[in-house]
Structure formats: C-alpha cells, structure tokens
Amino acid sequence: MNELEKQQNISRRFGLGYFMLFAMYGISSPYLQLMVRRLGYSPATVGFFLGFFELVGITGPIFIGQIADRFGKLKPFLYASAIMILVGLALLAPFRLPLVTLLSLALLSIGIKTPIPVLDTSLLRAIEYSEEKGEKAPNYGIIRAIGSAGFVITALIAQSIPGFDSSSTGTMAIPLGILALLFLFSIPSLPEIGAGQARKEKIKFSFKWLDATYLAGLGVIALGRLAMAPISSFFSMYLMEELNWHAVGSMWALSAACEIPFIVLSWKLIQGRSPMMAIAISSVAIVVRLLIYALFPTPIGVILGQLLHSICYGLFQPAAILFINLKTPPSDRTTGMALYMGVGMGLPAFLGSALGGTVVEIFGYRWLFASYTLFAVASILLFWRFRKELKAVR
Numbered sequence: 001m002n003e004l005e006k007q008q009n010i011s012r013r014f015g016l017g018y019f020m021l022f023a024m025y026g027i028s029s030p031y032l033q034l035m036v037r038r039l040g041y042s043p044a045t046v047g048f049f050l051g052f053f054e055l056v057g058i059t060g061p062i063f064i065g066q067i068a069d070r071f072g073k074l075k076p077f078l079y080a081s082a083i084m085i086l087v088g089l090a091l092l093a094p095f096r097l098p099l100v101t102l103l104s105l106a107l108l109s110i111g112i113k114t115p116i117p118v119l120d121t122s123l124l125r126a127i128e129y130s131e132e133k134g135e136k137a138p139n140y141g142i143i144r145a146i147g148s149a150g151f152v153i154t155a156l157i158a159q160s161i162p163g164f165d166s167s168s169t170g171t172m173a174i175p176l177g178i179l180a181l182l183f184l185f186s187i188p189s190l191p192e193i194g195a196g197q198a199r200k201e202k203i204k205f206s207f208k209w210l211d212a213t214y215l216a217g218l219g220v221i222a223l224g225r226l227a228m229a230p231i232s233s234f235f236s237m238y239l240m241e242e243l244n245w246h247a248v249g250s251m252w253a254l255s256a257a258c259e260i261p262f263i264v265l266s267w268k269l270i271q272g273r274s275p276m277m278a279i280a281i282s283s284v285a286i287v288v289r290l291l292i293y294a295l296f297p298t299p300i301g302v303i304l305g306q307l308l309h310s311i312c313y314g315l316f317q318p319a320a321i322l323f324i325n326l327k328t329p330p331s332d333r334t335t336g337m338a339l340y341m342g343v344g345m346g347l348p349a350f351l352g353s354a355l356g357g358t359v360v361e362i363f364g365y366r367w368l369f370a371s372y373t374l375f376a377v378a379s380i381l382l383f384w385r386f387r388k389e390l391k392a393v394r
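Numbering (the numbering used here), first residue to last: 1 to 394.
Think of the hints as simulated: they come from the structure by calculation, not from any bench.
Worth double-checking, as some hints may not be accurate.
Pairs of lysine to any residue, SDA-like flavour, derived with a Cα cap of 20 Å [to be verified]:
(1) Lys388 <-> Ala370
(2) Lys327 <-> Arg394
(3) Lys136 <-> Val264
(4) Lys268 <-> Val377
(5) Lys327 <-> Glu389
Computed beta-carbon distance windows for the label pairs [what the hints assert, rightly or not]:
(6) Pro330 <-> Lys268: 15 to 25 Å
(7) Phe363 <-> Glu389: 17 to 27 Å
(8) Arg366 <-> Gly134: 51 to 61 Å
(9) Leu102 <-> Ser160: 44 to 54 Å
(10) Gly40 <-> Asn244: 18 to 28 Å
Don't be surprised by glycine CBs; every beta carbon is placed ideally from N, CA and C.
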C-alpha cells in the first residue's frame with residue numbers, strides 16, 4: 001500500500017468513527033430533553049437534569065483525558081464510553097425516580113461526551129504525524145463533516161417515523177441504544193494513534209501550561225456557548241410546546257446540514273489566521289439567531305434561525321478546536337480538548353440549562369431566547385477587551 005492509499009485508508013477509518021459517533025448525537029441532541037420531559041418532570045426540573053448532564057460532562061472527560069494522555073492508547077476509553085451509554089439508557093427509560101434519572105444521565109454524559117476529545121486528539125495527532133513526514137495529511141474539516149452527515153441522516157430518519165417525537169422515553173431510547181452498539185462495533189476499525197507508549201510517572205492534574213490568553217479565549221468561548229444553551233436544551237420543547245410543530249428531527253437535521261460546508265471550508269480558511277476572530281463573528285450570529293426565535297415564533301422564523309447554525313457552530317467549532325490546539329502542549333492535547341469540552345462548553349451548558357428551565361416556567365420560551373443574547377454580547381465584549389492577545393494566536 002503506497003502512502004496515498006495509506007492516508008486515504010486512515011481518513012476512511014476516522015470518517016466511520018465520526019459518522020457513528022455523531023449518528024448517536026442525531027438522537028441524543030434533539031430528543032434527550034424530550035425523553036426526560038416524557039418521564040413527567042416539569043420544565044424547571046428538566047433544565048436542572050440537563051444542567052447536571054452537562055456538569056458531569058465537565059469533570060468526566062477532563063479526568064479521563066488526563067488518564068488517556070498518560071496511558072498512551074485511546075481505544076479503551078471509547079469502548080468504555082459506548083458501554084456507559086448502554087447502561088445509562090437501560091436505567092433512564094424504565095424509572096421515574098430522580099436519583100435513578102441523575103445516575104442514568106451521569107453515565108450518558110460521560111459516555112456521549114468523552115469520545116469527542118479522544119477522537120479529535122487522535123485525528124490531530126494523525127494530521128501532525130503526516131505533516132512532520134511531509135505527507136498528505138487527513139483533512140479535519142472533511143472528516144468532521146462526515147460526522148455531521150451521520151447526525152443529519154439519523155435525525156431525518158427519526159423525523160420520518162410518525163409520532164416519534166411524541167413517543168415514550170423507552171421508544172426514543174431504543175434507536176440510541178442501537179446506534180451505541182454500532183459505535184461500539186466500529187471502534188476496532190479506528191487507527192490507534194496515541195502517545196505511543198504509556199507514561200510511567202504518576203498522573204498529576206497540573207495545568208501549568210495555562211496562561212492569561214488561553215483563559216481569556218476560553219472565556220470568550222464559554223460565554224458564546226452559554227448563549228447557545230437555550231437551543232441545545234430547550235429548542236425541541238420550544239417547537240413542541242410553543243409552536244405545536246412536530247418538526248424536531250427535520251429542524252435539527254437542517255441546522256446540522258448547514259454546518260457541513262462551513263466545517264469543511266472554515267478549517268482551511270482559519271489556519272494561519274486568528275481563530276478567535278472567527279469565534280467573535282459566531283457570537284454576533286448567535287445574537288441574531290436568538291432574537292429571531294424570540295421575535296418571530298413561527299416555522300419561517302425557526303428555519304431562518306436554524307440556517308444561522310452554519311455560523312454559530314460550523315464556523316465556531318473548527319475555530320475553537322484550532323485555538324485550543326495552538327495553545328495546548330502536544331503532550332497534554334487530550335486534556336486540553338477535554339478542558340475545552342468541559343469548561344468551554346459543559347459548564348456554560350450546565351448554567352444555561354439550570355437557569356433556563358426556571359426562565360421558561362416564569363416568562364416563557366420567547367423571553368428565554370431574548371435574555372440569553374446578553375451572554376453573546378458579553379462574549380463579544382470580552383474578545384474586544386483582549387483582542388490584541390487573542391488575535392496573535394494563529
């Protein structure tokens with residue numbers, strides 16, 4: 001096998017892993033909030049539970065990322081993640097007991113969120129390894145877009161099932177469990193591009209490589225994600241309960257489809273440029289998107305808002321990953337990615353979800369979206385305050 005065929009083979013294997021991973025997200029992202037709601041909990045309680053789901057997603061992947069960086073191999077953590085998802089689903093569907101719901105969501109959170117920093121780290125290592133050898137490297141944007149395609153296909157299949165978004169928690173859990181099994185079976189085909197060998201030193205949770213610029217950038221990212229919390233945690237409920245529109249799967253599929261060309265193109269466009277500038281542009285788009293949901297609560301308004309996902313996420317995600325990659329030492333790359341997933345995305349989602357459910361119960365969905373524009377504005381202002389340092393990272 002020549003070098004070109006070898007790289008194409010690696011890209012295909014990564015593509016399969018990303019496709020199966022985000023196929024699971026095609027069920028969990030649109031429907032997990034509805035699955036918890038179908039257990040009979042109030043919007044405020046759903047918000048708390050989803051906030052807890054995100055909170056666990058902070059500590060779990062960071063801790064596992066530290067271990068993965070020192071263990072040297074990444075596949076065992078993917079196997080464990082898939083098994084956690086299956087166990088979490090088995091506990092979630094049959095019971096309406098708060099403690100059992102919390103336990104199931106904790107397992108689901110670790111299981112669903114851990115593979116992203118692990119896969120991203122492995123892919124980035126493959127890219128760096130190829131570049132060091134002067135070979136054609138796998139294209140992150142294209143491989144990540146394959147993952148988005150898995151999300152879109154799964155969400156559209158779910159949408160095509162009559163009454164799926166109104167079905168019981170158990171019914172919605174079944175396809176997610178099937179996809180978790182398929183992801184489990186796809187793991188052996190993934191390339192094992194870890195650190196090469198386990199480190200013998202004791203695992204220490206040291207973050208000495210963090211500096212003020214990294215923290216400022218993480219703050220800009222976190223505020224932008226906090227502004228997006230109403231969409232990730234309450235958008236499906238907004239469609240069903242505010243608009244009485246059974247289009248959950250198709251609207252999530254629309255947003256994911258819009259992000260694909262941006263993910264493919266933006267990865268190349270932002271390399272050598274300032275990724276934080278791209279994130280600031282994304283925050284401006286978030287303000288517009290939230291105001292559309294708040295001021296135009298109609299199917300047309302929803303469609304226009306979903307189209308902006310191309311900028312709010314399709315531009316944001318590659319830029320954020322590139323920023324973290326530039327600011328994290330290679331030996332701690334999995335930890336850096338996990339820190340980004342936890343503090344940059346998980347903590348804001350926890351705060352936004354926990355607060356958002358109460359806002360919905362008191363003021364309604366439209367005020368929820370309108371009020372969260374303030375966090376996106378704060379993200380823009382923080383970027384402007386540290387623009388010189390942040391724009392220098394490229």
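Hints, one by one, checked against the model:
1. A distance of roughly 30 Å separates the Cα atoms of Lys388 and Ala370; the hinted pair therefore is violated under the 20 Å criterion.
2. A hinted pair counts as satisfied when its Cα atoms are at most 20 Å apart, and Lys327 with Arg394 qualifies at roughly 10 Å.
3. Taken as a hint, the Lys136 and Val264 pair is honoured in the structure, with Cα atoms around 17 Å apart against an allowance of 20 Å.
4. Pair hint Lys268 plus Val377 does not hold up; C-alpha atoms about 27 Å apart against a cutoff of 20 Å.
5. Among the hinted pairs, Lys327 with Glu389 is consistent with the structure: their alpha-carbon atoms are about 12 Å apart, no more than 20 Å.
6. Between Pro330 and Lys268 the beta carbon distance is about 21 Å. The supplied range of 15 to 25 Å therefore holds.
7. For Phe363 and Glu389, the hinted distance range of 17 to 27 Å is not satisfied, since their beta carbons lie about 38 Å from each other.
8. For the hinted restraint 51 to 61 Å between Arg366 and Gly134, the CB-CB distance of approximately 55 Å keeps it satisfied.
9. The hint said 44 to 54 Å for the Cβ distance between Leu102 and Ser160, and at roughly 33 Å that hint is violated.
10. Between Gly40 and Asn244 the beta carbon distance is about 20 Å. The supplied range of 18 to 28 Å therefore holds.
Figure legend: structure checked against the earlier numbered hints; hints not met, in rising order: 1, 4, 7 and 9.
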